[in-house]
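Chemist: Line order of the protein sequences matches chains A, B and C. Counting from 1 along the first sequence, just add 1 to a position and that's the residue number in my numbering. Mapping to my numbering: the second sequence position 362 is 343, numbers consecutive. Counting from 1 along the third sequence, just add 69 to a position and that's the residue number in my numbering.
Careful, some of the hints might be misleading.
EDC-like, lysine to aspartate or glutamate: derived pairs with alpha carbons at most 16 Å apart [to be verified]: (1) K228(C) / D40(A); (2) K242(C) / E105(A); (3) K209(C) / E203(A); (4) K376(B) / D166(A); (5) K376(B) / D499(B); (6) K184(C) / E234(C).
Hints were generated in silico from the structure; no laboratory data involved.
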Amino acid sequence: MKYYSYFPGCSSEATAKGLGLSVQAIAKPLDMELIELDDWTCCGSTPYGSLDEREAILVAARNLALAEKTGVDLITPCSSCFVTLYGANLRLKQHTQLMREVNEALAVINLEYHGEVRVRQLMEVIFRDITPEVIASKVKRPLNGLKVAPYYGCQMVRPDYGFDDPEFPQSLDILVNSLGGEAVPYPLKNRCCGGSLIIPEEGLALGLIRKLLENAVENCAQCIITPCPLCQMNLDAYQSKVNSKFKTNCNLPVLFTSQLIGIALGIDPISLGLNTNIVSPSKVLDYISRVKQEAKSGT
Amino acid sequence: MEPRIGVYVCHCGSNIAGTVDVEEVARFAQDLDSVVVARAYKFMCSEPGQDLIKNDIKELGLNRVVVASCSPTMHEPTFRRACQEAGVNPYLFEMANIREHCSWVTEDKQEATEKANALVSGAVRRVYYHQPLETREVPVNANTLVVGGGIAGIQAALKVADSEHKVYLVEREPSVGGHMAQLDKTFPTLDCSACILTPKMTLVGSHPYIELMTYSQVEEVSGYIGNFKVKIRKKARYVDEDKCTGCGLCQTKCPWKVDSEFEAGLGKRKAIYTPFPQAVPNIPVIDKEHCAYFLKGTCRLCEKLCEAKAIDFEQKDKIIEVEVGSIILATGFNVFDPTPIYQYGYKRLDNVITSLEFERIVNSSGPTDGNIVLKDGSTPESIAIIHCVGSRDEKYHEYCSRVCCMYSMKLAHLIKEHTEAEVYEFYIDIRSFGKGYEEFYNRVQNEGTIFIRGRPAEITNIAEKPEEEGKLIIQFEDTLIGRQRRLPVDMVILSVALEPQPDVEAVARLFNISRSADGFFLERHPKLDPVATMTDGIFVAGCCQSPKDIPDTVAQASAAAAEVLAMISKGKVEIEAATAVINEKICSGCQTCKLVCPFGAISFEEEKEVCRVNEALCKGCGACVGGCPSDAISLNHFTNEQIVAQMEGMLV
Amino acid sequence: MKNFVEEIAATPGGENIRACIQCGICTGSCPVANEMEYPPREIIAMIRAGMRDEVLSSNSMWYCLSCYMCTVRCPRGVKPTELAHALESMANQQGFRVKRTRTPAMYRSFVSSIKGNGRVHEFGMMFRYYLTTNPLAALKMLPVGLKLFLRKRMPLIPKRVKGKEDLSKLRQKLGEIRGRQ
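Chain A on its own, in the form it takes in the complex:
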């Protein structure tokens, strides 16, 4: 059993409900004990740092200080929370003056931070600590060659503290294959979905999302998987807007990586939050069970 301190991120109870539910659901079967960080507050993400960098680091540091008390690695499923917390941690460790200032402020709420926390992304933990081989051995419902386009997004593989190759990542492809799926070649798999610009600059972001969806369809994907809450929302919830703006008719289910892992582990759809996906994943589920049926009945 591996123990981790768990930082869900604000969206995992809202727009990324599917992520929040599926991560909790797959933890036990994968021998991971995720202990939610008590009284965690928002990491700040890009917006806070863009308005007030000093205050943003302080906000992030509160969570780091809480995590340090647990003595185990702090993991988060959200790519943006990862970059924010890891980045704040790195900066604090590199600038002693900043660390002093932060600790002076944290003292007011009876906390202190010494730079001992290791911040990790959930996918990296699954890949390195749990490993695709072990996951493959726990698969109860192999995906039977389901064609999956693994979408990495940006912040899982870049900046230089992202794990996996920034130009040609492979970890999710390997993971998909270990679940019995087929990771299709997906040239734009590490290109930006538009991120938070979907709100203030919708037209621009929709253009980026469209390219990603088209590229997946061109490569015969039956679904896209992604680890990041914002990427999932952009690709899933805004798919209809892409269709109406560009007169396309894309209907591609977009699952969280943890949801796909959960399906392969034999967990039921409700526990994985598959009913929260906007573009219905029923085709995917039907495909997997149909193939299983055919295999059973020998057709």
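With chain A's structure known, arrange chains B and C on it following the hints.
Modeler: This is chains B and C only, laid out in the frame that chain A set:
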């Protein structure tokens, strides 16, 4: 004789005097034991400065001299000579470095002066214990070894051999010529590369004073300047060189095809082959790893067809031992492989090629007979040339490869000469520094090549517009306009960096020379001694020292030859006297010193059961002194007495 | 008073700015380069030219979506993404109001939601954002918002956490520390 010490503190203009109170240091020195005179002077290394020392030696009967100035690597020889000219043994001289170790590392005047005092005090106490030493002279063997048969090695070999002294020219490939033989035309004159190279190659192959050993590699080097012993492995060609007439029938008829290294992998050669038609020597080689006889025991067609009966499958490698006085390394460069730059699509996308591959394509004796064609055989209508691939990039090579701007423009010119294609040069800076280079740039611009300032972000085949379908699309910022643009082209040429050979580390160790941070061989001094290395008697020439064009390579090769000829002409060489000495009475023959010596300067004498130092090889590093458990070994000019005195002087 | 280049070089994120060779690979890699008033490379050139006001009032950095492609590809180790965020913070703290971008408004709604709840309440954030920028645009968002709500991904009531008070105390203390400096 009682030591009478003279101390001279140099101002070095404001380099020292700007931080150190040199007059104060001179006053301080005057009060030290055994110091007869202490002076401060503006520039000790100048003639009047040296005269100061010489006059004081004569008039005040000095027999020890201390100069407090710059680093010994700068002027120790200068002051030693001055002492010698005035009749004092040069080893009775000591330098205190109050510049690089003092005035140049602090701005605090008090701190600097205090340290200068300490350094001078140390030097004065040390020099008290100096002993006169004599340098030795060793004869110089008049033979020379040149390693590498590219244009650098060829030029160096010819220049030395023309003096009627013997040169061994060792080349690892079956023929001399190097990378220059692969080029089509050379910038800026557009001389045909083969046309200017092959006469020199032929000369080297027939020169009475050059022993050409191709398909050979140096295996072992021992000895020291003037007296090197080198073991060369002459690999078996499986063709008898004396019998072969160079008719080429074996090559034509051999049924086994292999990717040709000379054609940069774009064409084929046979298992028995000469790398290119003008090869020198024109004797083929059998590639053991692809020959059916060696792999399966079959075929032997070449043997059957050869009228001269020159094929000899039983031939063995030969080890040849030579003795030379100097060695010139001219081992050349390797071409950067852009595969790791994923976003440029090399080996992933069709029609993305390197500059060297394009040289072979445009060369009329190349794999496409000089026709510029795409992979499917059609003619490209647009070609992009991307500068700085692998160069000027902290992820690959931080340095600039110097020649790529020029060769890129040359390729653009050749494309315009052979086709109607549109040519785009993507650059960051244009480096056209040489004679006729800027004029060439002007010419290429006027021929219609379009220069775009912007390092491409990526090359992709994912089209976003109809006109991009089926093309390679370059995404970049046109920095002079300030907008991101996409440009569809048919072919992309990557102007790749020049990098050190893959075995450069092994070769450096073999010859015991250093490398600089960029991986190339290290010259003794970047400005004032660019062809010598820190290892006496071993010189470097050409791209193995750093990327350069043909004019500079040839100049450097001639320079290395000149240094070698100077040595040969003098016939002897002086060996530094600060070497280790073994007291045979104390030595127990444990051989720890031999183990520790990085220069292989110590040998064990069986009969006496003691170790002995080869003074010519010894560099005076002192490792053996530290290693000896019985204190049997001491270092001339660095005795325990001297070192302890120096430390006491500095600390008291 | 330090000049602008020195100021940026001393700011975390702007350290390597002097090493830039203006090759343009950052702009070439940027998915939104042509939307910016001045693309990343030009912003660096402007900083080095001391054009403080033009840089801090431009909308360029507000378009950065932190994809980090520029940082990965820069041959000199400049970090344009971190630089962009440092410039955003500087511009905001020093009162530069940027036209031609709605991103600052969205970021303000985001941060205000954190201050009010301790965590981001997405519905509340969106509500406030549209209210302060363009209420009519909210209507166009309705279909997506509705779908999210129906799939239980858009809770209307925020979850307030105890940590919210902690954050408030932290802000106050930082204000004190800043006041001293």
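Chemist: Confirm or reject each hint.
Modeler: Do the hints match the structure? See the list:
{"no.": "1", "hint": "K228(C) / D40(A)", "verdict": "12 Å, holds"}
{"no.": "2", "hint": "K242(C) / E105(A)", "verdict": "8 Å, holds"}
{"no.": "3", "hint": "K209(C) / E203(A)", "verdict": "11 Å, holds"}
{"no.": "4", "hint": "K376(B) / D166(A)", "verdict": "14 Å, holds"}
{"no.": "5", "hint": "K376(B) / D499(B)", "verdict": "12 Å, holds"}
{"no.": "6", "hint": "K184(C) / E234(C)", "verdict": "9 Å, holds"}
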